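Student: Protein sequences appear in the order of chains A, B, C and D. 1 is the number of the first residue of the first sequence in the numbering used here; add one for each residue after it. 148 is the number of the first residue of the second sequence in the numbering used here; add one for each residue after it. 295 is the number of the first residue of the third sequence in the numbering used here; add one for each residue after it. 372 is the number of the first residue of the fourth sequence in the numbering used here; add one for each residue after it.
In short, the hints are calculated from the structure, not lab data. Hints are supplied without guarantee of correctness; some may be wrong.
In silico SDA-like links for lysine to any residue, alpha-carbon gap of 25 angstroms or less [claimed, not checked]: (1) Lys298(C) <-> Pro203(B); (2) Lys208(B) <-> Asn332(C); (3) Lys357(C) <-> Ser296(C); (4) Lys61(A) <-> Glu397(D); (5) Lys357(C) <-> Gln268(B); (6) Lys174(B) <-> Asp40(A); (7) Lys306(C) <-> Glu361(C); (8) Lys27(A) <-> Glu215(B); (9) Lys267(B) <-> Lys174(B); (10) Lys127(A) <-> Arg377(D); (11) Lys274(B) <-> Gln190(B); (12) Lys127(A) <-> Ala389(D).
Note that the structure is predicted; figures quoted are calculated from it, not measured.
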Amino acid sequence: MSISLTSQAFDPWQSLAEYQAQQLAGKYGATAVFVGTMRDFNQGDGVVGMTLEHYPGMTEKQLALIVEQANQQWVLMDTLLIHRIGDVVPDDSLVLVAAWSAHRGDAFDACRFIMEALKKQAPFWKKERLASGEVRWVESNSNGYQK
Amino acid sequence: MSISLTSQAFDPWQSLAEYQAQQLAGKYGATAVFVGTMRDFNQGDGVVGMTLEHYPGMTEKQLALIVEQANQQWVLMDTLLIHRIGDVVPDDSLVLVAAWSAHRGDAFDACRFIMEALKKQAPFWKKERLASGEVRWVESNSNGYQK
Amino acid sequence: MSIKVRYFASLKERVGHADAELLLPEPLSASQIWQQLNPDLAMPEGVLVAVNMEYAGLDTLVKDNDELAFFPPVTGG
Amino acid sequence: MSIKVRYFASLKERVGHADAELLLPEPLSASQIWQQLNPDLAMPEGVLVAVNMEYAGLDTLVKDNDELAFFPPVTGG
């Protein structure tokens, strides 16, 4: 199990390859992954950059709690969570959540639960720099279960 | 959109990195991925290898139909589907499904839909070689939505 | 009428061959064709039927030049 | 009683500073502390409260040496 915050750009697929290389071989049958990527538009405006603020200490604590809750609800072999902090630009990966399990239902459900809980509870705040020069705080996250 | 069958071992994370490098930058915000990996046990028995039979022509047709159905139900930027055929060994990736979308709900739902439909409808059959020397056909897939 | 019949996976092993060609004076359903080709083998439960690589029912009428396939529940992924 | 108060993101900008130290003669609730520290600024709707890095309610009593945080809805991921 690994949870990390990073101020450096990361390649999600390379992070997965490296993390999985440490895994116990032949025990997991299912891996579900979500990657959130910074887009160059939001609410109709061009976005050129963003700053991700967090609450050092509480953010890590909340993420650990969410992953623990996932482990209580589903049978998981392992989980990996990486979240960017600081200054980011379009196309940067913002978040990576991966869940390894023997069965795909558990992997899918846990990965999605972690993402939804993170969006709702983990103390991160996005401040966007628009193409127009304006700077604004993103006000709220959507619920990813609704269409 | 890419659908492929391969008799060669593939690294899912490398396949994703390579495929995504061709993607239009800055347009997708969400990527949901599922990877199915061959385990070294099944129904209580050690498994040393497996052969994946398919129905050339129909398998491709069914996979294309499933991905098309996903595109009708959700707004996707792109999808990638890779499935192994032929002889495989434990730890080999058997299937990779990835869905890119602007929103995480669409990416998650589409990825899972494609996996469940593939498990139910795509003509593949697994023949296991057990540690005991016995060879047997896997008889049915589970429903991944149930717990 | 000429029909191509194909079997896959465990069903191929039970039937003993992968393919069969069948000449028919008139259209028959998929299950009638099974009976004609395999008079001594009742169709196992759960067998799936495809006509021209699309899923079909046991009562689907098979036409000239169709490819008819029988196979067990799929286990991919 | 000594309380550490922290503000984050847009709330930090509205309040004008990131941290405050507060000495209290007796325990107060989170919302009472807000009023005492920000008499001219009504707490914006949707503000979240944490005590010692765990989510808490507006009526949670804050104790000596607690760290109390106010912040807007989170927008990570």
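Student: If a hint holds in the structure, say so; if it does not, say that too.
Tutor: Evaluated hints:
About 15 angstroms separates the Cα atoms of Lys298(C) and Pro203(B), which keeps this hinted pair within 25 angstroms; it holds. A hinted pair counts as satisfied when its Cα atoms are at most 25 angstroms apart, and Lys208(B) with Asn332(C) does not qualify at roughly 28 angstroms. Proposed proximity of Lys357(C) and Ser296(C) is supported: the alpha carbons are some 8 angstroms apart, at most 25 angstroms. With a C-alpha separation of about 29 angstroms, the suggested pair Lys61(A) and Glu397(D) falls outside the 25 angstroms cut-off, and the hint is violated.
Between Lys357(C) and Gln268(B) the alpha-carbon distance is near 24 angstroms, which keeps this suggested pair within the 25 angstroms criterion. For the suggested pair Lys174(B) and Asp40(A), the alpha carbons sit about 7 angstroms apart, so the restraint of at most 25 angstroms is met. Distance restraint check for Lys306(C) and Glu361(C): the Cα-Cα separation of roughly 16 angstroms lies within the 25 angstroms cut-off, and the hinted pair is therefore satisfied. Among the hinted pairs, Lys27(A) with Glu215(B) is inconsistent with the structure: their alpha-carbon atoms are about 33 angstroms apart, more than 25 angstroms.
With a C-alpha separation of about 32 angstroms, the suggested pair Lys267(B) and Lys174(B) falls outside the 25 angstroms cut-off, and the hint is violated. For a cut-off of 25 angstroms, the pair hint linking Lys127(A) to Arg377(D) stands: about 18 angstroms separates their Cα positions. With a C-alpha separation of about 14 angstroms, the suggested pair Lys274(B) and Gln190(B) falls inside the 25 angstroms cut-off, and the hint holds. Of the pairs offered as hints, the one joining Lys127(A) and Ala389(D) holds, with about 16 angstroms between alpha carbons and a cut-off of 25 angstroms not exceeded.
Of the numbered hints stated above, those contradicted by the structure are hints 2, 4, 8, 9, listed in ascending order.
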